[in-house]
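There are 2 protein chains.
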Amino acid sequence: MSSLEQILTAQRRLAGVALCTPLLHSPLLDGLAGRRILVKAESLQLTGAFKFRGAWSALTGMDERARRNGVLAYSSGNHGQAVALAARMHGIPAVIVMPAHAPAPKIDGARALGAEVVLYDHATESREEIGVRLGRERGLALVRPYDDPLVIAGQGTVGLEIAEQARRAGVASADVLVPCGGGGLAAGVSLALADRAPGLRPRPCEPEAFDDTRRSLAQGRRVANGGSQHSICDAIVTPIPGELTFPILRDHCGPGLVASDRACLQAMAVAFQRLRLVLEPGGAVALAAALSRPECIPGDTVIVVASGGNVDARLFCEAVHGLR
Amino acid sequence: MSSLEQILTAQRRLAGVALCTPLLHSPLLDGLAGRRILVKAESLQLTGAFKFRGAWSALTGMDERARRNGVLAYSSGNHGQAVALAARMHGIPAVIVMPAHAPAPKIDGARALGAEVVLYDHATESREEIGVRLGRERGLALVRPYDDPLVIAGQGTVGLEIAEQARRAGVASADVLVPCGGGGLAAGVSLALADRAPGLRPRPCEPEAFDDTRRSLAQGRRVANGGSQHSICDAIVTPIPGELTFPILRDHCGPGLVASDRACLQAMAVAFQRLRLVLEPGGAVALAAALSRPECIPGDTVIVVASGGNVDARLFCEAVHGLR
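As given, the protein sequences belong to chains A and B, one line each in that order. Under this note's numbering, the first sequence has 271 at position 271, and the numbering climbs by one with no breaks. Under this note's numbering, the second sequence has 146 at position 146, and the numbering climbs by one with no breaks.
Any given hint might turn out to be false.
Stated by the list, open to error - Derived coverage of chain A by chain B (criterion: at least 3 residues anywhere in the stretch with Cβ under 8 Å from a Cβ of chain B; other residues may be distant):
1. 16–22
2. 33–46
3. 102–112
4. 147–153
5. 269–276
Stated by the list, open to error - Pair by pair, the computed Cβ-Cβ distance ranges are:
6. A:Gln229 - B:Glu125: 38 to 48 Å
7. A:Pro198 - B:Glu125: 53 to 63 Å
8. A:His122 - B:Gln229: 47 to 57 Å
Said to hold, decoys possible - A few chain B positions that, by computed beta-carbon distances, are all more than 12 Å from chain A:
9. Gln81
10. Glu137
11. Gly139
12. Gly308
These are calculated hints, taken from the structure and not from any lab test. Note that the coordinates shown come from a computational prediction; the quantities given were computed from them, not determined experimentally. Ideal Cβ positions, reconstructed from N, Cα and C, are used throughout, including at glycine.
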């Protein structure tokens, strides 16, 4: 069970370690959107994504004996880098099981942070099987990417910060658009906002072809994505909402939103030009939804979480290419 | 005369208007540099550069009657956008005199913010003459880019924030590398640090071919740059240190540092990859100096100001092209 108390504990553990990321805005972005857009820039977090919060929360919250041989994570990249850094800061080894097709900066980043990266073929191998074997052989503690109360609590500190920053900005009522893969960030933010800023309504945002959370919320039960889709939003292409995260989303979230890959690239270009932020496609999906689906969002202010910025230079430049 | 009291006044006027920008760091950047690098990300400031602080300070500090017909600025771009926004927020017109070869995002940005942009030919026309004529004809108040106590005071708020953020990070002693054109930012930061964090030593950073401040500091008097040089650091290629700024720099700064254009491009790539920041060449010059001249910097920690991020997509992608 995840609770506000756990989020507050995570916040105390993260104080002085993680960055309280700024809530940015841009008059020209507001003009483009026709309403005020406030952007929570988690791409500026350590390792370039909100994931460090959950990883740090999990490692500091687990029994010292459980983690003494090191930790293990499955990850498309951002969670892996986060666990790698948190492990290094704890002085313990980290093994990250990543798909061979993960973006090079994410693989390189985890290695540069001292982790052992085990690549697997997404089509023919099971990361769970590789992980279970490695974990057993070496006595490693698994740090799940989202279905872990400590991880959800860490991500929830984003919500505590949004609640406080929105209050200071005079925003009592607005939708809060949150990129959503397994739902750890959206769940944590939802719990925090429900307690601290009930006028702020969390809404998960997903790539069009991976809208399992949107459909699950609409149906009131966990439904999966089809298996044959593709999206450039590598960070958030999960198969089905989490077992622990979905009940939280169901209780607290507004309807899900989707954005096309093309809209994500355009949002990356807008973030480059108007906010001077580097976002990755999955990290830009909430901004993309805000810009491409304005008719689905009420009010004169919307808050979007920009959740990550680990993108290779080629794809980034493809996104900003349309700009002069 | 500029004073700490003026900076504190500017800080009060900027509260809730400008962003308190974060002091970022990256474990992988630290590894690359061989010391801890703390990056004050003023590229995230409104209009993408620290300049908004000075412009807001000047407009709010000037007599209401002086500004009622509007304001005028000469600018290579960042000061112009800042004055345009500050004027719009005051509900008064702004005229910005900009070189025709200024980066398109800076010209477009000022126009999009509602300013009238008057372009001039850098080779054949005098921006001062154009400005004096326009100012007289229309009764516009000139907002100087750096030689104005109110502007220096506004930029000095960056120094107040650095002092506080360094204290929280446990840094009592370090060099603070500051991009330097006319010297408004360096002067303001110097005054603030001298009072609030005397263990932090400000050092102006310039492009190799425009090191007038470094040479002026070495000689104890204002000396000019040669006229035939070029640099991609468009934001900070001024002819000579300011009349008001130089005495402040002389009293408070350590030796100046320089970086090549190539080092600035490399620093932009590093900022993209390790900090997920979009920096323009002139905004990256302090980071470039930290990375390319480590032997000139003492200590295990260095603070660098990343002063701006208004760069066109083509040049930015040229900078990050070397990355995978």
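Each hint, compared with the structure:
no.	hint	result
1	16–22	holds (count 5)
2	33–46	holds (count 4)
3	102–112	holds (count 5)
4	147–153	violated (count 0)
5	269–276	holds (count 5)
6	A:Gln229 - B:Glu125: 38 to 48 Å	violated, 57 Å
7	A:Pro198 - B:Glu125: 53 to 63 Å	holds, 59 Å
8	A:His122 - B:Gln229: 47 to 57 Å	holds, 53 Å
9	Gln81	violated, 10 Å
10	Glu137	holds, 28 Å
11	Gly139	holds, 26 Å
12	Gly308	violated, 8 Å
Comparing the model with each numbered hint stated earlier shows that hints 4, 6, 9, 12 do not hold.
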